Amino acid sequence: MDLTLCKQSRIIISDPAHWESLSRKWRTRKVIQQCSLYLLLDLDLVDSKKGAVYEVAIARSRFIESQLGKVVRFVGSGFAAANASDVGDWLGVSKSMVFNFPMHNAEEEKSVKVVGLTNLDPVNRVSSLSRTIFRQMRQSNAKSCVIFVPNRKLGQLMSADLLSLYRRTANFNKERWWEAYEMSVLLQELVSCGIGLTYRGMPENIFSALMTALSVGNLSTLIVPFELCDRHFAAENVYITDTLSFDGHSQSYNDLDNEVLRGMSSCAVKACTIFCHASKQEQVERVLFDPVCIESKLPAFFENNLVGEIVNKTIETKEEAVDYLTWTFFYRRLPKNPNYYKLAGSSMRHISDHLSEMVEEAVLDLENGKMIAVENDMELSPLNLAMIACHYNLDFRSIELFSNTLTHKTRVKGLIDILSNVPEFEDVPLRVGEAVQIADLLPQLGLESVRDSDLQQQKLLVMLYAHFSRIQLSSELFSDLSVFLRRGLSFVHAAVDVLSSQGWLKPTLAAMELCQMIIQGQWDKDSVLMQVPHFSSELVARCNNMNPAVESVFDLLDLDDTVRNSLLQMSSSQLFDVAKFCNAYPMIELSCSCSFDDTVMAGSQHEIIVTLVRDLGDCEESQKENISKVVSARYPHEKFENWWLVLGDERSNTLLSIKRFTLTERSNVRVLWFVSPWC
Amino acid sequence: MIFIQQSAGRLLRAMYEICLSRKWSALSTKVLELGNMVERKIWASQNALRQFNSIPELIVRKLERVADISWEKYLDLRPSDLGEIVKNPKMGKTIYKFVHMLPKFSVSVHAVPISRSRLQLEVTVLPDFEFQVEVHGNEISCWLFVDDCDGKQLLCCLPFGFRGESQMILKCEIGLGDPIPPQYFVRVVADRWLHSSTVVPVCFRHLILPEKFSPPTELLDLRPIPLSALSEFHKLFFAENSTLNSVQTQLFFHLNDSDDSLLVFGPSHLGVDSCLELALIRFLASKSDQDRCVVLSPSMVCDLILVLCCYISRVYQLYFCIDESRTLLPKVVNDSKRNGSGRSVHSYRRQCCGSDLV
Numbered sequence: 184m185d186l187t188l189c190k191q192s193r194i195i196i197s198d199p200a201h202w203e204s205l206s207r208k209w210r211t212r213k214v215i216q217q218c219s220l221y222l223l224l225d226l227d228l229v230d231s232k233k234g235a236v237y238e239v240a241i242a243r244s245r246f247i248e249s250q251l252g253k254v255v256r257f258v259g260s261g262f263a264a265a266n267a268s269d270v271g272d273w274l275g276v277s278k279s280m281v282f283n284f285p286m287h288n289a290e291e292e293k294s295v296k297v298v299g300l301t302n303l304d305p306v307n308r309v310s311s312l313s314r315t316i317f318r319q320m321r322q323s324n325a326k327s328c329v330i331f332v333p334n335r336k337l338g339q340l341m342s343a344d345l346l347s348l349y350r351r352t353a354n355f356n357k358e359r360w361w362e363a364y365e366m367s368v369l370l371q372e373l374v375s376c377g378i379g380l381t382y383r384g385m386p387e388n389i390f391s392a393l394m395t396a397l398s399v400g401n402l403s404t405l406i407v408p409f410e411l412c413d414r415h416f417a418a419e420n421v422y423i424t425d426t427l428s429f430d431g432h433s434q435s436y437n438d439l440d441n442e443v444l445r446g447m448s449s450c451a452v453k454a455c456t457i458f459c460h461a462s463k464q465e466q467v468e469r470v471l472f473d474p475v476c477i478e479s480k481l482p483a484f485f486e487n488n489l490v491g492e493i494v495n496k497t498i499e500t501k502e503e504a505v506d507y508l509t510w511t512f513f514y515r516r517l518p519k520n521p522n523y524y525k526l527a528g529s530s531m532r533h534i535s536d537h538l539s540e541m542v543e544e545a546v547l548d549l550e551n552g553k554m555i556a557v558e559n560d561m562e563l564s565p566l567n568l569a570m571i572a573c574h575y576n577l578d579f580r581s582i583e584l585f586s587n588t589l590t591h592k593t594r595v596k597g598l599i600d601i602l603s604n605v606p607e608f609e610d611v612p613l614r615v616g617e618a619v620q621i622a623d624l625l626p627q628l629g630l631e632s633v634r635d636s637d638l639q640q641q642k643l644l645v646m647l648y649a650h651f652s653r654i655q656l657s658s659e660l661f662s663d664l665s666v667f668l669r670r671g672l673s674f675v676h677a678a679v680d681v682l683s684s685q686g687w688l689k690p691t692l693a694a695m696e697l698c699q700m701i702i703q704g705q706w707d708k709d710s711v712l713m714q715v716p717h718f719s720s721e722l723v724a725r726c727n728n729m730n731p732a733v734e735s736v737f738d739l740l741d742l743d744d745t746v747r748n749s750l751l752q753m754s755s756s757q758l759f760d761v762a763k764f765c766n767a768y769p770m771i772e773l774s775c776s777c778s779f780d781d782t783v784m785a786g787s788q789h790e791i792i793v794t795l796v797r798d799l800g801d802c803e804e805s806q807k808e809n810i811s812k813v814v815s816a817r818y819p820h821e822k823f824e825n826w827w828l829v830l831g832d833e834r835s836n837t838l839l840s841i842k843r844f845t846l847t848e849r850s851n852v853r854v855l856w857f858v859s860p861w862c
Numbered sequence: 576m577i578f579i580q581q582s583a584g585r586l587l588r589a590m591y592e593i594c595l596s597r598k599w600s601a602l603s604t605k606v607l608e609l610g611n612m613v614e615r616k617i618w619a620s621q622n623a624l625r626q627f628n629s630i631p632e633l634i635v636r637k638l639e640r641v642a643d644i645s646w647e648k649y650l651d652l653r654p655s656d657l658g659e660i661v662k663n664p665k666m667g668k669t670i671y672k673f674v675h676m677l678p679k680f681s682v683s684v685h686a687v688p689i690s691r692s693r694l695q696l697e698v699t700v701l702p703d704f705e706f707q708v709e710v711h712g713n714e715i716s717c718w719l720f721v722d723d724c725d726g727k728q729l730l731c732c733l734p735f736g737f738r739g740e741s742q743m744i745l746k747c748e749i750g751l752g753d754p755i756p757p758q759y760f761v762r763v764v765a766d767r768w769l770h771s772s773t774v775v776p777v778c779f780r781h782l783i784l785p786e787k788f789s790p791p792t793e794l795l796d797l798r799p800i801p802l803s804a805l806s807e808f809h810k811l812f813f814a815e816n817s818t819l820n821s822v823q824t825q826l827f828f829h830l831n832d833s834d835d836s837l838l839v840f841g842p843s844h845l846g847v848d849s850c851l852e853l854a855l856i857r858f859l860a861s862k863s864d865q866d867r868c869v870v871l872s873p874s875m876v877c878d879l880i881l882v883l884c885c886y887i888s889r890v891y892q893l894y895f896c897i898d899e900s901r902t903l904l905p906k907v908v909n910d911s912k913r914n915g916s917g918r919s920v921h922s923y924r925r926q927c928c929g930s931d932l933v
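Protein sequences appear in the order of chains A and B. Under our numbering, think of the first position of the first sequence as 184, with each following residue one higher. Under our numbering, think of the first position of the second sequence as 576, with each following residue one higher.
A couple of the hints might just be wrong.
Stated by the list, open to error - List of simulated lysine-lysine pairs, DSS-like, C-alpha gap at most 27 angstroms:
{"no.": "1", "chain 1": "A", "residue 1": "K232", "chain 2": "B", "residue 2": "K746"}
{"no.": "2", "chain 1": "B", "residue 1": "K746", "chain 2": "A", "residue 2": "K296"}
{"no.": "3", "chain 1": "B", "residue 1": "K662", "chain 2": "B", "residue 2": "K637"}
{"no.": "4", "chain 1": "B", "residue 1": "K637", "chain 2": "B", "residue 2": "K616"}
{"no.": "5", "chain 1": "A", "residue 1": "K519", "chain 2": "B", "residue 2": "K787"}
{"no.": "6", "chain 1": "B", "residue 1": "K598", "chain 2": "A", "residue 2": "K296"}
{"no.": "7", "chain 1": "A", "residue 1": "K293", "chain 2": "A", "residue 2": "K453"}
{"no.": "8", "chain 1": "B", "residue 1": "K679", "chain 2": "B", "residue 2": "K665"}
{"no.": "9", "chain 1": "B", "residue 1": "K746", "chain 2": "A", "residue 2": "K480"}
{"no.": "10", "chain 1": "B", "residue 1": "K746", "chain 2": "A", "residue 2": "K233"}
{"no.": "11", "chain 1": "A", "residue 1": "K232", "chain 2": "B", "residue 2": "K787"}
{"no.": "12", "chain 1": "B", "residue 1": "K605", "chain 2": "B", "residue 2": "K746"}
{"no.": "13", "chain 1": "A", "residue 1": "K519", "chain 2": "B", "residue 2": "K746"}
{"no.": "14", "chain 1": "B", "residue 1": "K746", "chain 2": "A", "residue 2": "K525"}
{"no.": "15", "chain 1": "A", "residue 1": "K525", "chain 2": "B", "residue 2": "K787"}
{"no.": "16", "chain 1": "B", "residue 1": "K787", "chain 2": "A", "residue 2": "K278"}
{"no.": "17", "chain 1": "B", "residue 1": "K787", "chain 2": "A", "residue 2": "K480"}
{"no.": "18", "chain 1": "B", "residue 1": "K672", "chain 2": "B", "residue 2": "K662"}
Hints in this document: simulated from the structure, not taken from any laboratory. Note that the structure is a prediction, hence the values are computed from the model and not measured.
Work out the full structure, taking the sequences as your base and the hints as a guide.
As structure tokens, this is what we get:
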């Protein structure tokens, strides 16, 4: 999908993670070899949490350049960096072409001020600020302000305080533009006074309306929680109320990342004021006014990188792995700041020892995780698990978890449990007060609260259960859920692959069922009719009570129009949704033929030819693309159909053959190969 | 008396805050101790166990009579030894329990240089006592201090709360003098408990500082290149009657007339990202269709993407005239025609970010 888009365009804009996974197969993909200009934005973000992926992506393009012997132009930009020349060395940019402008003329255009406060309690500190901010806004006479607050709750407090202050002084009534949107009463009141309040999971149209209002001048103040700071705001004045954010995993307050702080302050056009605890003042000033020193974050990511390269045969021996490392920024920084990378010295010997040690450790880890096989203590070759991890672009630890915890007895509940334990979801945020919220939801969902269990895992579990049971979540939890659902699906697909490679039939089928459950947002035991939009459990009960009972979508389709309408009792737009769903509901006839006779030798290979005929109705050629699009009211992302063809023996719980494919043609012929079992 | 006691406590706290803000290390320690003495109503020289209300007065007095044992030694004593000291073997276990409930942390420090003049300290704090909510409350507020080698100046003070975690990792950045001092001291103190401080030296003997940074480039005071001086193709991409910004002007020659790789770093308000536009324009003007350009942006909130979309909307029709294959993102183009100018920028963004890859 992404690849076809790449083929069509001359300019490819991507985030590093995507490009990294796309460019892994550069040897076979012409598109990637054709790239002759790399524009690299925000190079300073190589030194951030997700910077390792960026580094790998760039290092690979350097590697490709050297392998193909083709001239590639790199043009990069970033925040003022103290060690810009190192980045230049890494990208092969000549010294005279590295421009590194100093910070000191930053004050000319806008004033950035850091205010240290003595109040120790972070919540108190922020909530006591509203009056100060209000006064400053008055004095500066700014047309638009953005106030960053640590979380939604503090935002609400801040907005309430500001509202009372505004009411006393100003009348901000313009034409009532906000009536076009479905806003809550509280928000309407705020907006009428010129204050906007945003939060995670806000309806997108309201959010963009608030943004537009701010830029046009219909709003004077916008209150934004930290977690939304990656959206692009622009205002004359920016107030950052704190430099700490609550981290639910450790239940403590941690410093904001430097790039987040810089990003927030760069939203300001005229002035930016940052409030923090007095002990942090110096540090914050340094983050904002001093050039950064870019360091590599590669070591933590190296194992995953190695898996990818081994699967794609770029690295086949340990030596090549060490050689590969020399293309990274990490290698450039090692001799420059050895202590940072836990090196005792900066001589060549130290470095080469360190590199080979790093490779040895990574290889050992991967070998223990049954990801790769090592032959003759030198040659590296990928195993099945590594290929699965690489194909779905997952952390190898997740796949390791799958292969360790999945058994031939695993069913849907067990799979959900395993899914909620996946290490990659560690970055799903845990906000203030969410622990209580989750604990409240537990009994409702029939889950037991385990005392010392991981909060993170419990949150994921609760979100998934709520998704299946169709329970309304708070907007923040819902937005987390939708991120989780998008990424979670590839984990389930990977689980299917892991299970099927073990040859366990029932767990494989359970994993496929879980996939369907995630997309349709219902339990496997719920009625099929729950998939139809606007269907509630009462309506399903009514359908079942009909004579003859309506139990499947096809039954519903076969009903007489008048009977159906009286049964559903829906408005015309709802009926339209139902019709859209029913028309897209796949109807497939399956027939198969075997190429062999009645006598079959056990243990020999055979093929079965499966013919699938899909009833496409009277759809036109132009709609072909939409055929495989899944209609689901519960899944918040676009999803295309995938089909599995499974051949197995239910009695012995063995899976003989599996094939994954898409069905867009009227008739499809698939060939299944299998080895006949020993009886 | 009560008035004095309360006020004294507050005044000492205030003095403590002043000491912290003035970075006086030794005095702040003394004032904190004095403040705690007032609050707890005991002398610092008295037995530390007096801070627990539930321990009998008689026992503490007995302990104090054995004056030759310093507080640190108590931690090494076994219950039977303690019972012997107070001549009451039954109390041994109780005293032992209280001795090991006084907040005390074991601290280890890992120093990482981030530049020649800055160090990052990774301080691992392990509790060396038994945490009980009934005794200590939900949270013990603590301080992490870094003192310089003479113990005079406070280099860093970091408040943190301890809630019974098995391990805490704190990070702080401190300045490093030149020449490198032999050592610094890291101190962890519970805010409201006497005798709770732990001091660890951080030795810099094996520290290797990173290499010196090369000096920054000077921003030349050039006259901005006006749009009229550029080629027709360039004019498609810029607003009418605009000029290039100062960075673009300084780098124009390198970006536009050569194919060398180039890096530009600088504060965000200088508009360093805009240099990439020039490179992109050169690419569009000169390269054949077989070449592709990749724009990588970790934040995906870059102005370049916005700018690119705006360009496309502006040169929409011209693009079709020039070359059919040079149309980019036709979907976005159509959208921009429909929406007004103010709104469209946001809708571009959503499309760019939503699909991750355009």
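Results for each hint:
For the suggested pair K232(A) and K746(B), the alpha carbons sit about 16 angstroms apart, so the restraint of at most 27 angstroms is met. Proximity of K746(B) to K296(A) is assessed by CA-CA distance (about 24 angstroms); at most 27 angstroms being required, the pair is judged to hold. As the CA atoms of K662(B) and K637(B) are separated by approximately 9 angstroms, the hinted pair is consistent with the 27 angstroms bound. For a cut-off of 27 angstroms, the pair hint linking K637(B) to K616(B) stands: about 19 angstroms separates their Cα positions.
Using a Cα cut-off of 27 angstroms, the hinted pair K519(A) and K787(B) holds, with the two alpha carbons roughly 9 angstroms apart. Between K598(B) and K296(A), the direct Cα distance comes to roughly 21 angstroms. Compliance with the 27 angstroms bound is thereby established for this hinted pair. A C-alpha spacing of about 5 angstroms is found between K293(A) and K453(A), which places the hinted pair at or below 27 angstroms, so the restraint holds. This hinted pair checks out: K679(B) and K665(B) have alpha carbons roughly 25 angstroms apart, not beyond 27 angstroms.
Between the alpha carbons of K746(B) and K480(A) the distance comes to roughly 17 angstroms, so the proposed pair stays at or under 27 angstroms and holds. For the hint pairing K746(B) with K233(A), the CA-to-CA distance comes to about 19 angstroms; that is within 27 angstroms, so the pair holds. In summary, the hint linking K232(A) to K787(B) is supported, as the alpha carbons are separated by about 25 angstroms, within the 27 angstroms threshold. Proposed proximity of K605(B) and K746(B) is supported: the alpha carbons are some 25 angstroms apart, at most 27 angstroms.
Annotation: proposed proximity of K519(A) to K746(B) holds, straight-line Cα distance about 22 angstroms (limit 27 angstroms). Distance restraint check for K746(B) and K525(A): the Cα-Cα separation of roughly 16 angstroms lies within the 27 angstroms cut-off, and the hinted pair is therefore satisfied. Straight-line distance between C-alpha atoms of K525(A) and K787(B) comes to about 19 angstroms, which keeps the hinted pair within the 27 angstroms bound. Between K787(B) and K278(A) the CA atoms are separated by roughly 16 angstroms; this keeps the pair inside 27 angstroms, and the hint holds.
Taking the CA atoms of K787(B) and K480(A), the gap is near 21 angstroms; set against the 27 angstroms cutoff, the hint holds. Distance hint between K672(B) and K662(B) is fulfilled; the C-alpha atoms sit about 17 angstroms from each other, no more than 27 angstroms.
The earlier numbered hints are all upheld by this structure, with none contradicted.
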